Amino acid sequence: MTLTIPALRARSARRRRRRPLIVSLAVAFLVLIAVTGLLAPVLAPHSPDATSLLNSLLPPGTEGYWLGTDSTGRDVLSRIMYGARLSLLAPLGVVLLSGVLGITIGLLAARAGGWADAVISRGMDIVFAFPSLLLAMLVVAVFGPGLTAPICALAVSYTPFVGRVVRSVALQEGARPYMESYRVMGFGELWVTLRHLLPNVMPVLIAQSALAFGYALVDLASLSYLGLGVRPPDADWGSMISQARSAILQGEPWSGLLPGLVVLLTVVSVNVLGEHLGGSIGRKQSEGV
Amino acid sequence: MNAPVLSVTSLVKKFGHFTAVDDVSFELMPGASLGIVGESGSGKTTTARILAGLEQPTSGTVTLDGRAVEGHSRRTRLWQARRLQMIFQDPYGSFDPRQTIAQSIAEPMRLHVPGSAKEHRARVGELLDQVGLSSRAGESLPRDLSGGQRQRAAIARALGIAPRVLVLDEAVAALDVSIQAQILTLLDELRGDTGISYVFVSHDLAVVRYITDTAIVMRHGRIVERGETEQILRSPQHPYTRLLLDSIPSPDWDLDRVAQDRRALDLP
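If you read the sequences in order, they're chains H and V. Numbered according to the numbering used here, the first sequence spans residues 10 to 298. Numbered according to the numbering used here, the second sequence spans residues 7 to 274.
Quick caveat, the hints were computed from the structure, so don't treat them as lab data. A portion of the hints provided could be inaccurate.
Simulated restraints on C-beta separations [as the list claims (entries may be wrong)]: (1) H:Val-128 to V:Gly-198: 50 to 58 Å; (2) V:Ile-254 to H:Asp-134: 23 to 31 Å; (3) V:Ser-79 to H:Ser-177: 30 to 38 Å.
To spell it out: a stretch of chain V is covered by chain H in this simulated footprint if at least three of its residues, at any positions, have a beta carbon under 8 Å from a beta carbon of chain H; those stretches are [what the hints assert, rightly or not]: (4) 57-70; (5) 100-109; (6) 114-121; (7) 180-191.
Just so we're clear, the structure is a prediction, and the values are computed from it rather than from any experiment. Think of the CB as a built atom: it goes at the ideal place given N, C-alpha and C, for glycine as much as any other residue.
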């Protein structure tokens with residue numbers, strides 16, 4: 010009668026929890042970036058906006074300016090730290106917004122079925138086919154620069170990315186017999202969808218959102234690089250790379266390369282984490298029968 | 007007092023041009039157990055799904071507890087759910103994989119049975135006990151239980167609503183034979199204790215013989231034979247029933263006779 014031997018279960022749980030080194034490194038890096046952004050006022054050695062033309066374009070490793078300075082003598086390390094705030098918060102905003110939109114649309118399509126599903130799915134295809142950066146630039150052209158407009162535009166263009174996955178998982182999950190058993194028990198469609206379907210879609214959604222976060226970070230950095238995102242003197246990584254353009258041409262690439270490296274590492278970390286989450290969910294589902 | 011708890015009159019269900027259920031009528035008395043027998047595609051599962059409100063009949067009526075089930079409104083569905091519950095074939099898929107068994111059993115109670123969370127918890131304990139599950143099983147997730155345990159849990163969940171009729175759609179077909187016997191014994195005991203009625207849909211004549219008093223045999227959506235289960239199984243009148251009986255593997259199994267039965271059936 011008792012199939013569950015506690016020791017066995019504990020061992021399998023431990024095995025499941027052991028994650029590859031690369032994932033641990035990714036998580037560690039993301040935590041580091043988040044903490045430096047959060048505690049920038051405490052940790053940063055200089056003000057991010059303090060210019061000093063005497064100390065411009067110092068190479069990394071200089072006393073007091075570990076990562077060097079940019080063309081106006083601002084400390085690169087401090088700017089990367091402060092930049093982490095906008096560079097992480099803005100993609101987070103995109104992910105949250107597109108998550109909410111994607112869940113709503115995906116669940117609606119999966120549960121409604123028929124022509125409503127067809128209309129929503131084709132609509133998502135159209136938005137999906139539209140380049141996200143182009144949409145963001147159009148929106149900025151209409152509403153002017155600043156972060157709000159690009160965040161909303163990117164959220165819209167990422168919605169199909171989330172919505173498609175939600176829809177397909179919801180269709181798969183919704184076909185399982187427990188959905189019908191709730192209907193027989195008299196539960197309404199909305200209750201079953203929100204209480205039972207959504208939680209079972211959630212793991213896949215989180216994995217997908219991690220990937221979307223990486224894309225959003227790159228897109229927002231690109232917008233900032235193009236001068237369409239963050240307005241100076243606010244720091245974000247994309248605008249730092251953008252402002253380093255002339256320095257790069259002068260043969261002093263550090264002030265642009267370093268924030269670029271941080272963008273790269275962050276995106277790789279987020280993707281590693283997303284892949285890992287997606288993969289372990291797949292494993293768990295196949296274990297769970 | 008002797009009114010049927012469930013009566014079905016001229017039930018028809020069409021899917022496009024295909025008629026899955028064709029003019030099916032039967033009655034079920036309180037505390038009785040009715041078997042619906044037939045091969046796959048005979049319309050027995052569609053009949054069960056109509057009873058549970060998962061399909062709407064094309065025509066005909068289902069009368070439950072003296073009242074015709076009409077439409078598909080929320081009130082009707084709640085009313086129907088409180089009187090009739092269903093056990094599905096697949097004990098693996100009939101629970102939310104994220105909820106513990108106890109949570110799954112308590113959830114429909116919150117919808118149908120007035121009472122505090124504490125009362126519901128106590129009732130869940132009683133129900134687990136009634137179906138022969140430990141309280142540890144109640145704290146488990148569905149994936150940690152065996153098929154038989156899950157089917158017990160599904161029965162407990164249905165009983166929590168205290169329905170008058172339980173529709174069991176191939177409820178033991180997915181279980182090992184020894185577990186089947188346990189579940190059937192449990193169902194028999196529960197019927198004695200609670201006076202609940204069963205509609206037992208199955209292709210397995212041995213199972214139907216054990217659990218039902220009366221039976222109907224369906225073929226191509228129509229009822230071809232009805233009566234006392236023992237009577238039907240001992241001296242089948244319809245050639246189709248004879249075919250079903252002869253198809254059961256046994257020591258003196260005669261494939262020629264099965265083929266002969268099949269031919270006799272296909273002649274007009």
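request  = Kindly indicate which numbered hints from before are broken by the structure, ordering the numbers from low to high.
outcome  = Numbers 2, 7, in rising order.
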